[in-house]
Amino acid sequence: MEDDRILERERYQMEQIRELESEELQVEEVDEESSDDETNYRSSGGASASGEFTYNTSLAALHSYLGDVEDTHNRLAFLDGGAVLNVPLFYLEGVVLFPEATLPLRVIQPNFIASVERALRQVDAPYIIGVIRVYKDPNNGRIKLATTGTTAEIRQYRHLEDGSVNVVTRGQQRFRLRRRWMDVEGSPWGEIQIVKEDLPLRTPREAVGRLTPLSIFQSNVHSQIPPMNRSRADLYGFGNENDSDAMSEESFESELSPTERRLHQAALVSCDMLDESASSDDENIDQQFRIQPARSPFDSFRRSFSTGKKQEADGMRLALGKRSMPTDNTWKKHSLNQFREAPRAFWPSWVYQMYDSYSLAQRAAGRWKQIVRAPSMDSYITKPDLLSFHIASKMPVSESTRQELLEIDGISYRLRREIELLESFDCVRCRSCETLIAKRSNMLVMSSEGPLGAYVNPHGYVHEIMTLFQANGLAVIGNPVKEYSWFPGYAWSIAECATCETQLGWLFTATKKKLKPRSFWGIRSSQVADDSR
Numbered sequence: 001m002e003d004d005r006i007l008e009r010e011r012y013q014m015e016q017i018r019e020l021e022s023e024e025l026q027v028e029e030v031d032e033e034s035s036d037d038e039t040n041y042r043s044s045g046g047a048s049a050s051g052e053f054t055y056n057t058s059l060a061a062l063h064s065y066l067g068d069v070e071d072t073h074n075r076l077a078f079l080d081g082g083a084v085l086n087v088p089l090f091y092l093e094g095v096v097l098f099p100e101a102t103l104p105l106r107v108i109q110p111n112f113i114a115s116v117e118r119a120l121r122q123v124d125a126p127y128i129i130g131v132i133r134v135y136k137d138p139n140n141g142r143i144k145l146a147t148t149g150t151t152a153e154i155r156q157y158r159h160l161e162d163g164s165v166n167v168v169t170r171g172q173q174r175f176r177l178r179r180r181w182m183d184v185e186g187s188p189w190g191e192i193q194i195v196k197e198d199l200p201l202r203t204p205r206e207a208v209g210r211l212t213p214l215s216i217f218q219s220n221v222h223s224q225i226p227p228m229n230r231s232r233a234d235l236y237g238f239g240n241e242n243d244s245d246a247m248s249e250e251s252f253e254s255e256l257s258p259t260e261r262r263l264h265q266a267a268l269v270s271c272d273m274l275d276e277s278a279s280s281d282d283e284n285i286d287q288q289f290r291i292q293p294a295r296s297p298f299d300s301f302r303r304s305f306s307t308g309k310k311q312e313a314d315g316m317r318l319a320l321g322k323r324s325m326p327t328d329n330t331w332k333k334h335s336l337n338q339f340r341e342a343p344r345a346f347w348p349s350w351v352y353q354m355y356d357s358y359s360l361a362q363r364a365a366g367r368w369k370q371i372v373r374a375p376s377m378d379s380y381i382t383k384p385d386l387l388s389f390h391i392a393s394k395m396p397v398s399e400s401t402r403q404e405l406l407e408i409d410g411i412s413y414r415l416r417r418e419i420e421l422l423e424s425f426d427c428v429r430c431r432s433c434e435t436l437i438a439k440r441s442n443m444l445v446m447s448s449e450g451p452l453g454a455y456v457n458p459h460g461y462v463h464e465i466m467t468l469f470q471a472n473g474l475a476v477i478g479n480p481v482k483e484y485s486w487f488p489g490y491a492w493s494i495a496e497c498a499t500c501e502t503q504l505g506w507l508f509t510a511t512k513k514k515l516k517p518r519s520f521w522g523i524r525s526s527q528v529a530d531d532s533r
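Residue 343 in UniProt numbering sits at position 343 of the sequence shown; the count goes up by one each step and never skips.
Some clues are possibly wrong.
As the list claims (entries may be wrong) - The calculated DSS-like cross-link candidates involving lysine-lysine, where the alpha carbons are at most 25 Å apart (straight line), are:
1) K512 <-> K482
2) K513 <-> K482
3) K439 <-> K369
4) K482 <-> K516
5) K369 <-> K196
6) K383 <-> K369
7) K369 <-> K513
8) K482 <-> K439
9) K516 <-> K439
Source of the hints: derived by calculation from the structure; they are not laboratory data.
Just need the whole structure built from these sequences, with the hints factored in.
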């Protein structure tokens, strides 16, 4: 039923795309306002962010430029962590695939076409390929392969007349590349091992748990004080149990000196008062914890220590028999619940919260919303593992940084690193000459999949681009081209760095007057510098 709704929505979106493509570009008279806008983005290198946003961002996520594709209707169950299997490998430069991310492919080379055909027929892992990032070593310029990649499931494909294949895949699971080889047809294959992902971590309840009710103190006070006339064997549990039970309160007190007897009686009276207060205090303990669920045990300790010095001094004087017993109001002022908020775990609660996956997910989602102005992320907060991959796959940083995120084992560690990157991310610079291209505030979401996505050109090269409504230091080369546009309704032009002449991406301009934004930039993540501060 859910698949039917998805197909119906996709058919409706495809109709919208056809309507955009069928409309001819109208030549209109340039008024004063549009002339100012044109001069603005040509001179400053930016696309105007003013005006209403009318573009349907779901159109870009369909990758309609690939033409009509056939759905495989195959949804393979996730493989067990640690599983070893052989799959066809795709080496992609400038691309890092994450689980749940979409990857379009235009397969032209015969050996890779054979890989797709075998993936569609294989029995062990049908419709599965392995995607590995390939890059040049900055030290010696040699081609190197990453050791951590992601399996991709073929969701849609289409055979073209020229023999090539258009494919739409979706990332599934991370893997480690154990070994690789070329088969008889020249197709790259690899033996991979699926990474066993950990479960989201929670702060243990013992970190903010309560102590045992004080009512046990009275019942155990006698057994905790060894009698003076017991033998060493009796003291350590080797004597007769009946003998230990025969010790009465009177015989115990008879062995004490007058001073010790006075201290013992005062302690018994104190335990009686604590027990009475504890009975009513236990009834309200749940309500107090609901009001202040995230308070650290150290906070309670500091408050009780600073506000209860007078009561502590009074208690010492009471034990020495130099003052009368305190009133009920004195005990009420000293909340017993504060003492019960002591951790029974090894570390205090704030230490556990540093690695609490759900707490980190909430922080990361808040930072992400600030950057991309995304809608509610509540559904992701309850699934920290998916959120960590979602942010990593859409984060507008360099490909090497994203490869670093892919290789991190542990949801909490990945989220902590993402929070660090989101807090420090501020600038987009050219990788070759470090020229400032854009700021974080220039981010623009033109796809329902986020501000960064993967797209493939007619020659089979996959580019991951981040979209910006304004950029600086870029030179536009050539006239706008409408064919094979990744964003229906927009024409594209090549954009180079004005300083080093490296191709950084493209400028996309609207082909309809009512379409807004009127223009925006697409910058290749592979050409972005690692330092984003």
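Against the structure, the hints:
Restraint check: the Cα-Cα separation between K512 and K482 comes to about 12 Å, which is no more than 25 Å; the hinted pair holds. Taken as a hint, the K513 and K482 pair is honoured in the structure, with Cα atoms around 15 Å apart against an allowance of 25 Å. Between K439 and K369, the direct Cα distance comes to roughly 16 Å. Compliance with the 25 Å bound is thereby established for this hinted pair. In summary, the hint linking K482 to K516 is supported, as the alpha carbons are separated by about 16 Å, within the 25 Å threshold.
With a CA separation close to 29 Å, the supplied pair K369 and K196 exceeds the 25 Å bound. Pair hint K383 plus K369 holds up; C-alpha atoms about 16 Å apart against a cutoff of 25 Å. At most 25 Å may separate the alpha-carbon atoms for a hinted pair to count; K369 and K513 exceed this at roughly 30 Å. Between K482 and K439, the direct Cα distance comes to roughly 28 Å. Violation of the 25 Å bound is thereby established for this hinted pair.
For the proposed pair K516 and K439, the alpha carbon gap of about 21 Å is at most 25 Å, so the pair holds.
The structure does not agree with the numbered hints 5, 7 and 8 stated previously, though it agrees with the rest.
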